[in-house]
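Student: Chains as they are written, first to last, in the working numbering: chain A, 1 to 184; chain B, 1 to 184; chain C, 1 to 184.
Careful, some of the hints might be misleading.
[Claimed, not checked] Beyond 10 angstroms from chain A on every Cβ pair, some chain C residues (computed):
1) Glu-43
2) Arg-58
3) Pro-85
4) Cys-92
5) Cys-94
6) Leu-169
7) Arg-173
[To be verified] Pair ranges (Cβ atoms, derived):
8) B:Val-106 x A:Val-53: 52 to 58 angstroms
9) C:Ser-35 x A:Asn-165: 43 to 49 angstroms
10) A:Ser-90 x B:Ile-5: 37 to 43 angstroms
11) C:Pro-46 x B:Asp-31: 38 to 44 angstroms
12) B:Asp-54 x A:Ser-90: 25 to 31 angstroms
13) A:Ser-110 x C:Ser-39: 28 to 34 angstroms
14) B:Glu-144 x C:Gly-158: 31 to 37 angstroms
15) A:Pro-166 x C:Gly-4: 17 to 23 angstroms
16) A:Cys-45 x B:Arg-93: 30 to 36 angstroms
17) B:Asp-31 x A:Gln-109: 44 to 50 angstroms
18) B:Gln-109 x A:Glu-36: 32 to 38 angstroms
19) A:Arg-66 x C:Arg-161: 40 to 46 angstroms
20) A:Ser-40 x B:Pro-41: 54 to 60 angstroms
Calculated from the structure, these hints are not laboratory results.
Treat the numbers as computed from the prediction; the structure is a model and nothing was measured.
We put the beta carbon where it would ideally sit given N, CA and C, even for glycine.
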Amino acid sequence: MTGGIAHIGILTVSDRASRGEYEDRGGPAIDSWLSEVVSSPWESCPAMVEDDVDGIARKLIELSDRCSLVITTGGTGPALRDVTPEATESVCRCMLPGFGELMRSVSLQSVPTAILSRQTAGIRGACLIVNLPGKPAAIGECLEAVFPAIPYCIDLIGGERIETNPERLAAFRPGQRPAGTGDA
Amino acid sequence: MTGGIAHIGILTVSDRASRGEYEDRGGPAIDSWLSEVVSSPWESCPAMVEDDVDGIARKLIELSDRCSLVITTGGTGPALRDVTPEATESVCRCMLPGFGELMRSVSLQSVPTAILSRQTAGIRGACLIVNLPGKPAAIGECLEAVFPAIPYCIDLIGGERIETNPERLAAFRPGQRPAGTGDA
Amino acid sequence: MTGGIAHIGILTVSDRASRGEYEDRGGPAIDSWLSEVVSSPWESCPAMVEDDVDGIARKLIELSDRCSLVITTGGTGPALRDVTPEATESVCRCMLPGFGELMRSVSLQSVPTAILSRQTAGIRGACLIVNLPGKPAAIGECLEAVFPAIPYCIDLIGGERIETNPERLAAFRPGQRPAGTGDA
């Protein structure tokens, strides 16, 4: 898509952070992780929304229209107000179940309650949307696990190019083919 | 929810056991496992039903109205009469894919046919529903794997409190927050 | 079902191979793997189709009407033309998520981009349909992982009997019960 700069949305989903009842720690944790790992030019597009399925879906549409990657934090558990995966699924053309499987399997090494997370990932247009849990501790371990596959995924759907600092985290591109060809 | 006693449904799904053609071994295996592990007061609510999607769904609704946890056994395979996951999905507000992933991954260490199980888990109201396979041997290994996350899951959806005997199996509660808050 | 010979469909899904722009390597790789592993009589039913959801679905219906197993290759990634999982789901009575989980987890040991594959498996009538990626290197590792469970799965849905060469790959049948009984 555009040559120069990659746009990355960071969406904090939380009733309490949206009402200012507590400070958002998930969004800044994602921003700081990306600053450490992404070596090509990128612009952070932060946003915040309550745990409401329609409100989250609207924000995801807005962000995915101008970003190649949107990372959400929060709203992935089993509670009644946890609806981020539903909102994500409602705006995506297709889902990528391998992201949720791998993130749960990695988090399971830290806490047995990792299986309660319904976090997933999907494609909308030329944007990959990835759900992360709300807890800052889980954000790093999830991103370490799935990020190596993200730049190539964005290539395949025609998004902006992302490079990583290979000494920090090596992004994997299995062989260059034109975006949009159906043989992956 | 109520302070004192937790209600746990145990639903055996089997054409042959329902017709009395063979003895139900799955339900008693679950009951005996729970008796060993759960240390807080609980009441077993056993039930049995044929492999029929509407009949299973009706039983799941009945049981989940008065239980905080319903564990099914049987009907999770690929055969035509295996419809427990479909019935479960039809009555749940949301599904928790991490349960099925972890149970299959654990059973896979015993038998390669573990991947044939479609067992899953989901939330209905203030009740967690978990599918187990029909084979008694698989019941123990599946419960050992997922039960550490179950009491906290039930807290989050406003169900009854369950404590386990920590020397036998430690339930994990990552930090006490009020039930129903959307940040898990 | 029939006593003697098992019919196995091998469906290559690829725009470019269908147009003759490059040689299909996935289909022959599956055929050659099966020739090495399956010891009972079997007939290969090869087919090729473009990355079009309706066209793939029609081919899957045709093949599953006369085969006990259909293996697809290609079209499982995140790109716009990758629609094999959607076509598979559209023709199946039920899905078997354990196949995709295990195949991704095995491929992840080779490449971090394994999580981008949406490959799955499902049942249509007396036929098991399994999606494999398009890359020949991934085909072997995926089949090695899931094939031990396939002959028993086909027994359970009333398909044709498949035996494997136990010195090469042992198929697992946990105990003989009549096909179609709902207790797996």
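Student: Output the indices of the hints that this structure fails to meet, ascending.
Tutor: The structure conflicts with hints 3, 8, 11, 13, 15, 17 and 19, although it agrees with all the remaining ones.
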